[in-house]
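2 protein chains.
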Amino acid sequence: MAPIQNARVLFNSVPKGYPIPGETTLYDTTQTIDLDTVPLNGGFLVKTLMLSVDPYFRGKMRSSEKKSYTAGFEIGSPLDGFGVGVVLRSETHKVQVGNYIYGPTMLHQEYTVFPELGLMQVIEKHANLPWSAYLGPAGMPGQTAYVGWREYSNAKAGEVVFVTSGAGGVGAMVIQLAKQAGLKVIASAGSEDKVKFMQSIGADVAFNYKTTDTRAVLEKEGPIDIFWDNVGGATLDAAFEFAAFNGRFLECGSISGYNTGEEAIKNFHLIIGKCLHVHGILVLPLLPKYYADFYANIPAKLASGEIKYAEEITKGLDKVGDVILAVQKGTNKAKAVVVVAEEAE
Amino acid sequence: MAPIQNARVLFNSVPKGYPIPGETTLYDTTQTIDLDTVPLNGGFLVKTLMLSVDPYFRGKMRSSEKKSYTAGFEIGSPLDGFGVGVVLRSETHKVQVGNYIYGPTMLHQEYTVFPELGLMQVIEKHANLPWSAYLGPAGMPGQTAYVGWREYSNAKAGEVVFVTSGAGGVGAMVIQLAKQAGLKVIASAGSEDKVKFMQSIGADVAFNYKTTDTRAVLEKEGPIDIFWDNVGGATLDAAFEFAAFNGRFLECGSISGYNTGEEAIKNFHLIIGKCLHVHGILVLPLLPKYYADFYANIPAKLASGEIKYAEEITKGLDKVGDVILAVQKGTNKAKAVVVVAEEAE
Numbered sequence: 001m002a003p004i005q006n007a008r009v010l011f012n013s014v015p016k017g018y019p020i021p022g023e024t025t026l027y028d029t030t031q032t033i034d035l036d037t038v039p040l041n042g043g044f045l046v047k048t049l050m051l052s053v054d055p056y057f058r059g060k061m062r063s064s065e066k067k068s069y070t071a072g073f074e075i076g077s078p079l080d081g082f083g084v085g086v087v088l089r090s091e092t093h094k095v096q097v098g099n100y101i102y103g104p105t106m107l108h109q110e111y112t113v114f115p116e117l118g119l120m121q122v123i124e125k126h127a128n129l130p131w132s133a134y135l136g137p138a139g140m141p142g143q144t145a146y147v148g149w150r151e152y153s154n155a156k157a158g159e160v161v162f163v164t165s166g167a168g169g170v171g172a173m174v175i176q177l178a179k180q181a182g183l184k185v186i187a188s189a190g191s192e193d194k195v196k197f198m199q200s201i202g203a204d205v206a207f208n209y210k211t212t213d214t215r216a217v218l219e220k221e222g223p224i225d226i227f228w229d230n231v232g233g234a235t236l237d238a239a240f241e242f243a244a245f246n247g248r249f250l251e252c253g254s255i256s257g258y259n260t261g262e263e264a265i266k267n268f269h270l271i272i273g274k275c276l277h278v279h280g281i282l283v284l285p286l287l288p289k290y291y292a293d294f295y296a297n298i299p300a301k302l303a304s305g306e307i308k309y310a311e312e313i314t315k316g317l318d319k320v321g322d323v324i325l326a327v328q329k330g331t332n333k334a335k336a337v338v339v340v341a342e343e344a345e
Numbered sequence: 001m002a003p004i005q006n007a008r009v010l011f012n013s014v015p016k017g018y019p020i021p022g023e024t025t026l027y028d029t030t031q032t033i034d035l036d037t038v039p040l041n042g043g044f045l046v047k048t049l050m051l052s053v054d055p056y057f058r059g060k061m062r063s064s065e066k067k068s069y070t071a072g073f074e075i076g077s078p079l080d081g082f083g084v085g086v087v088l089r090s091e092t093h094k095v096q097v098g099n100y101i102y103g104p105t106m107l108h109q110e111y112t113v114f115p116e117l118g119l120m121q122v123i124e125k126h127a128n129l130p131w132s133a134y135l136g137p138a139g140m141p142g143q144t145a146y147v148g149w150r151e152y153s154n155a156k157a158g159e160v161v162f163v164t165s166g167a168g169g170v171g172a173m174v175i176q177l178a179k180q181a182g183l184k185v186i187a188s189a190g191s192e193d194k195v196k197f198m199q200s201i202g203a204d205v206a207f208n209y210k211t212t213d214t215r216a217v218l219e220k221e222g223p224i225d226i227f228w229d230n231v232g233g234a235t236l237d238a239a240f241e242f243a244a245f246n247g248r249f250l251e252c253g254s255i256s257g258y259n260t261g262e263e264a265i266k267n268f269h270l271i272i273g274k275c276l277h278v279h280g281i282l283v284l285p286l287l288p289k290y291y292a293d294f295y296a297n298i299p300a301k302l303a304s305g306e307i308k309y310a311e312e313i314t315k316g317l318d319k320v321g322d323v324i325l326a327v328q329k330g331t332n333k334a335k336a337v338v339v340v341a342e343e344a345e
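First to last, the protein sequences are chains G and U. Those letters in the first sequence? Residues 1 to 345, per the UniProt record's numbering, in order. Those letters in the second sequence? Residues 1 to 345, per the UniProt record's numbering, in order.
Calculated directly from the structure, the hints in this document are not laboratory data. Check each hint, because a few of them may be wrong.
Identical chains share a label here; the pair holds if one copy fits it or two copies do between them.
In silico DSSO-like pairs for lysine-lysine, Cα to Cα no more than 30 Å straight-line [stated by the list, open to error]:
| id | residue 1 | residue 2 |
| --- | --- | --- |
| 1 | K67 | K289 |
| 2 | K67 | K319 |
| 3 | K184 | K67 |
| 4 | K156 | K329 |
| 5 | K94 | K319 |
Starting from the given sequences, assemble the full structure and let the hints guide the process.
As structure tokens, then:
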């Protein structure tokens, strides 16, 4: 077989504000690959099926000297993130041809030779779930919600939780875990469609933070025992103001500041008098503790419809830059997934 | 016996900045009391021996509609706080003449009729400790350090802790608990005398934050696994910057903002990527869990010198206003105690 195109999405420049498609990232079609002859050197060759686009991408778009909890993207190299692919060839017994692999280090390109599994894993799909679910509620975002909630919420029936970005991959799962635990759920998002979706998955009080004052909602519906924070900034200050004594704050994201600079927090000192507990949440350190439990429970509940989810699927690797921008601006409709190739192709 | 003077310290006006003696508080000698005939109505009469002056007083100097974790002082009424007194008369079996009582609701006046014990308790003194120690390391400040450290530090030998206000009643106890647990202790305070005291009780790195840059110290001696925060503001931001992964922040005070307004916190968002755990600490909710343990251990260790402490004793109820100001400005030399009357008088 002759070499074929191996299109990629490259990190091109560090953005000042929002990431601009074609400037921050470039869709590049100059590379080719011969699927039959490309050397594997003991590794395996994967065809990328779909990629997840997540809020944390913005943090990886930084100059290489800035440290953070994730490695940054490298200028001139493909982006990487969670994704699903199918194995075309393998020289390792750990991975068989036809296996599906999933994990956080999928490159944003059509075909990739992996020297080893590393953080990727071979994954089995539930018969009644699409692969895309493994990039959302059955994957990293769902796991983030699950492990954070289990580890730190200390939730009790009758308590009140406030969930931000409640229509996103993480927030939607938090809403449903909270309802299952018997809590009253206040949830916010940035469009009327997202409000409707949050209501459909059980939020007791769902509101559009762009048209409704968060402080007014919390004053009326709070105080809040648990705050699931995906946004930071003024919303976080409002949560401190209307937090109950002994409240738990699960700090998962701060997207209000990712593109425009982090806002300083004015109400931090209220932590003392209210005896609040604030926990930073990354999924990977907590995942081993809850891994078996998560996969034993969540995919089946998603397949049966007991847990609901929404996703916005975009076709084409060339659309990654647009999807990244939409996720940062919140103009995406639901958890963002980019389909790179159909399985049958 | 004829009526005698019952001097008081009254809350007179809400301060805008630092509390001004004679304006924020007034020393008042207009009241008298007849110790033999004052009606007890089933309560008991106490002669005030000594009073504690603490940083949290500033938070109680607010207009009455502002809510907080402690009741505010009332304009025209005596201040209240931790103190020790001796019982002169009693009409309740719970309190005997000659008992000493201790607790958070001692009025700042020479004699007080208590209708009931309430939050006060009858207390036994260790033979080799003065009563003043029960307002410092053997009382509320020591208990705050003890319960906070036990509940939330999750300390492991070899870790690094940063303690602010390390020469104060709380901070000095934290330094010694941390050394006992095998940690490296970085400690800050606002004078060279306080630095020497912190060194004498075991701090490995003690510095004067007024003359040494906190960030530079933490960059060199950190990262810090535990931060004991008595000050808030820019110091807290520095602690976030140089916190280790999985660090614990014990939020006990925020005195940098009590008199000049709370500073907004710029580095809060670092909580997420470092998976930090931040806990607000009040002593009273945690005290029942550690009460027996505290009194079984700490007074004896203080009496033997195994745990050291410093105090600055000021004589005279009329000096309370000055001492309050010194504590807020940090110009006091050590844990502040005001002696109102000698026992033998």
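Cross-check of the supplied hints:
1. K67 <-> K289: within (27 Å within a copy, 41 Å between copies)
2. K67 <-> K319: within (28 Å within a copy, 52 Å between copies)
3. K184 <-> K67: For K184 and K67, the Cα distance is within 30 Å only across copies (25 Å; inside one copy 38 Å).
4. K156 <-> K329: So K156 and K329 fail the 30 Å test inside a copy (34 Å) and across (43 Å) alike.
5. K94 <-> K319: Neither: 33 Å inside a copy, 78 Å across copies.
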